[in-house]
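Sequence lines, in order, name chains A and B. Terminal number for the first sequence in the working numbering: 213, no gaps in between. Terminal number for the second sequence in the working numbering: 213, no gaps in between.
Where chains are identical, the list cannot tell them apart; a pair therefore holds if satisfied intra-copy or between any two copies.
Using 30 Å as the maximum straight-line C-alpha spacing, the simulated DSSO-like pairs for lysine-lysine come out as follows:
no.: 1; residue 1: K46; residue 2: K36
no.: 2; residue 1: K34; residue 2: K57
no.: 3; residue 1: K172; residue 2: K18
no.: 4; residue 1: K57; residue 2: K76
no.: 5; residue 1: K172; residue 2: K182
Simulated from the structure, these hints should not be mistaken for laboratory data.
In case you want the letters, here they are:
Protein chains: 2
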Amino acid sequence: MKIAIIGATGMAGTALYKEGVSRGHDVTAIVRHKDKAVSLFGNGVKVIEKDVFDLTKSDLEGFDVIVNAFATAPAKAYLHLDLAAKLVGLFRETQSPRLFFILGAASLLDENGKLFLDTLKTVPEAASWISIPTEAYKTLNFLRSIENVNWVGVSPSAEFVAGEATVPVLGKDHLLSSSNGKSIVTSGTMAVAILNEIENPQFIGTRFTVCNQ
Amino acid sequence: MKIAIIGATGMAGTALYKEGVSRGHDVTAIVRHKDKAVSLFGNGVKVIEKDVFDLTKSDLEGFDVIVNAFATAPAKAYLHLDLAAKLVGLFRETQSPRLFFILGAASLLDENGKLFLDTLKTVPEAASWISIPTEAYKTLNFLRSIENVNWVGVSPSAEFVAGEATVPVLGKDHLLSSSNGKSIVTSGTMAVAILNEIENPQFIGTRFTVCNQ
Chain A
1 MKIAIIGATG MAGTALYKEG VSRGHDVTAI VRHKDKAVSL FGNGVKVIEK
51 DVFDLTKSDL EGFDVIVNAF ATAPAKAYLH LDLAAKLVGL FRETQSPRLF
101 FILGAASLLD ENGKLFLDTL KTVPEAASWI SIPTEAYKTL NFLRSIENVN
151 WVGVSPSAEF VAGEATVPVL GKDHLLSSSN GKSIVTSGTM AVAILNEIEN
201 PQFIGTRFTV CNQ
Chain B
1 MKIAIIGATG MAGTALYKEG VSRGHDVTAI VRHKDKAVSL FGNGVKVIEK
51 DVFDLTKSDL EGFDVIVNAF ATAPAKAYLH LDLAAKLVGL FRETQSPRLF
101 FILGAASLLD ENGKLFLDTL KTVPEAASWI SIPTEAYKTL NFLRSIENVN
151 WVGVSPSAEF VAGEATVPVL GKDHLLSSSN GKSIVTSGTM AVAILNEIEN
201 PQFIGTRFTV CNQ
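All chains, full assembly: derive it from the sequences and hints.
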């Protein structure tokens, strides 16, 4: 399939790019700096070198799936919502490309039904980064109001770290726990789960979550 | 003040344009068809002739206020939300221009605290137009999540009809009733209320409602 990855040189994007290519897909990295993509993925990498907010419909409409692994600094966290709104606006009343959003864990519920974002807000020094989970939560709520776009969201577990793939365990709206007792997912496992979902769609217009087994 | 009106040739926009000019403001009509603006407002009308989704930051950043009186057919009602997201995205982290949204009455509460949208859904044949109040309600919810943009929303009363100005009565989140027992606002009264709010801001980052006295 033709897959575009926004933010392909970030932690999630890098694992996704490699997993996609290893499965034989035609993967394009959408990045601000082509040099970084070449250094990570080699000279053969297909790149669209653009600020995401300059992307046009014609840049994107040939893809089967666009995975949004965009990341930003906390002071610009609102760009997550703006980018989701932009992508939705470009592809109203279409089925393709499918829009695949990596949304953060804050919108998940813990075993008591408490929003994980509310727990995160109580963490010392949360003020310095809480804008990122807050905006990711807003982005999911925005997407949940959208009916005529082919979107799916994925939330990592409480910890989302670089690392090799294990077997992904999937859930819907609750934080998952791994066999070691932690709620953790590695970038490799996330990439496997996302590629599985791309190849065999199970979650249409909704969000799922992934943890390491 | 420098005021731009999106949808200036519609019912709300026409009254707004006339009220703004009569108060000595520098008013620009943002319209798809200049001819229609000229026929309504005369050869002296200042126009930006563009599809709203082609507007750029440089088209808009010189204005003190942008009033969004955009209207569309029910099949394209989602464009209300997309346009709000576009305007928000253009003016993040700014105080000017102030973004002024006409939002519909569906997001108001009746005397029992019931959302007016839920009442509208029960009206016979609502299916043919319910997308418009539904998307206006989503737009308000979207705006309520926005913290770094200078926005204000205004909801008309249950009936919003063309007509001369009376004295506007203002409220916040509940449907108002006029002295004749109806919940009604005319385009003239709405224009007076909006120009009052532009000249003397009382509602910052929130929504108010207007009815005829």
